[in-house]
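Use the sequences and the hints to build the structure in full.
Here the sequence shown stands for residues 1 to 160, where the numbers follow the numbering used here.
Don't read these hints as lab results, they were simulated from the structure.
Be careful, since some hints might not be right.
[What the hints assert, rightly or not] Between beta-carbon pairs, the in silico distance windows are:
hint, residue 1, residue 2, range
1, T128, L101, 12 to 22 angstroms
2, L20, L47, 49 to 59 angstroms
3, F6, L38, 13 to 23 angstroms
4, E159, A130, 47 to 57 angstroms
5, P133, Q85, 57 to 67 angstroms
6, L47, D86, 51 to 61 angstroms
7, N4, R44, 14 to 24 angstroms
8, T67, M45, 24 to 34 angstroms
9, S92, P133, 49 to 59 angstroms
10, F70, L24, 55 to 65 angstroms
[As the list claims (entries may be wrong)] Using 25 angstroms as the maximum straight-line C-alpha spacing, the simulated SDA-like pairs for lysine to any residue come out as follows:
hint, residue 1, residue 2
11, K5, N74
12, K104, S92
13, K91, G72
14, K5, Q26
15, K5, F70
16, K91, S81
17, K91, I80
18, K5, I80
Backbone N, C-alpha and C define an ideal beta-carbon position, used for all residues, glycine too.
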Amino acid sequence: MEFNKFEIVASLLCYRLGGLILSLWQSTPHITDREVGLVIALLRMILVNSANNQNMREAAIENYQITANFNGLNSEYDYISEIWQDQTLLKSEQEDCIDYLESKLREFGNSKSASSAPPFSAPASQVTFADPPRRAGGAVAATSPLAQQPMMQTPEVEEK
1 MEFNKFEIVA SLLCYRLGGL ILSLWQSTPH ITDREVGLVI ALLRMILVNS
51 ANNQNMREAA IENYQITANF NGLNSEYDYI SEIWQDQTLL KSEQEDCIDY
101 LESKLREFGN SKSASSAPPF SAPASQVTFA DPPRRAGGAV AATSPLAQQP
151 MMQTPEVEEK
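Right, dumping it as structure tokens:
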């Protein structure tokens with residue numbers, strides 16, 4: 001529990017008053033059970049009030065954190081929906097442009113729509129390809145001096 005200044009002063013005063021009343025309670029007839037009960041009730045009320053204030057502070061902090069998280073999620077949702085709407089609008093505009101261009105091509109008789117487009121596969125004569133020609137013995141023969149020695153770098157001479 002955290003106390004503020006007023007709660008500290010009130011609890012100290014209540015403890016001192018309660019201690020004084022409880023110490024004099026048995027020795028004097030002027031302090032009755034009623035006064036002792038009132039002091040104890042006042043002390044309990046201060047403790048309950050401070051516990052309630054602490055719980056209210058914790059609830060306010062939790063409410064602030066939840067509100068901040070909600071606002072963050074809400075702004076992310078707005079951003080994502082705006083991007084989605086932009087992409088949907090762009091896609092719609094592109095489809096409208098494609099439809100317009102296809103209609104213009106149909107007007108002039110040059111239509112190549114997706115339904116009349118040729119397939120993207122090879123003709124039947126080229127489905128099976130012949131094996132590529134092979135070289136006999138490789139580009140450099142094994143008995144060649146080039147295959148036996150690594151290539152050396154020659155120093156370059158500067159011309160004056």
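Right, here's what the structure says about each hint:
no.: 1; hint: T128 <-> L101: 12 to 22 angstroms; in the structure: violated (38 angstroms)
no.: 2; hint: L20 <-> L47: 49 to 59 angstroms; in the structure: violated (19 angstroms)
no.: 3; hint: F6 <-> L38: 13 to 23 angstroms; in the structure: holds (20 angstroms)
no.: 4; hint: E159 <-> A130: 47 to 57 angstroms; in the structure: holds (53 angstroms)
no.: 5; hint: P133 <-> Q85: 57 to 67 angstroms; in the structure: holds (58 angstroms)
no.: 6; hint: L47 <-> D86: 51 to 61 angstroms; in the structure: holds (59 angstroms)
no.: 7; hint: N4 <-> R44: 14 to 24 angstroms; in the structure: holds (18 angstroms)
no.: 8; hint: T67 <-> M45: 24 to 34 angstroms; in the structure: holds (32 angstroms)
no.: 9; hint: S92 <-> P133: 49 to 59 angstroms; in the structure: holds (53 angstroms)
no.: 10; hint: F70 <-> L24: 55 to 65 angstroms; in the structure: holds (57 angstroms)
no.: 11; hint: K5 <-> N74; in the structure: violated (40 angstroms)
no.: 12; hint: K104 <-> S92; in the structure: holds (18 angstroms)
no.: 13; hint: K91 <-> G72; in the structure: violated (28 angstroms)
no.: 14; hint: K5 <-> Q26; in the structure: violated (33 angstroms)
no.: 15; hint: K5 <-> F70; in the structure: violated (35 angstroms)
no.: 16; hint: K91 <-> S81; in the structure: holds (15 angstroms)
no.: 17; hint: K91 <-> I80; in the structure: holds (16 angstroms)
no.: 18; hint: K5 <-> I80; in the structure: violated (49 angstroms)
In terms of the numbered hints stated before, the structure departs from hints 1, 2, 11, 13, 14, 15, 18, listed from lowest to highest.
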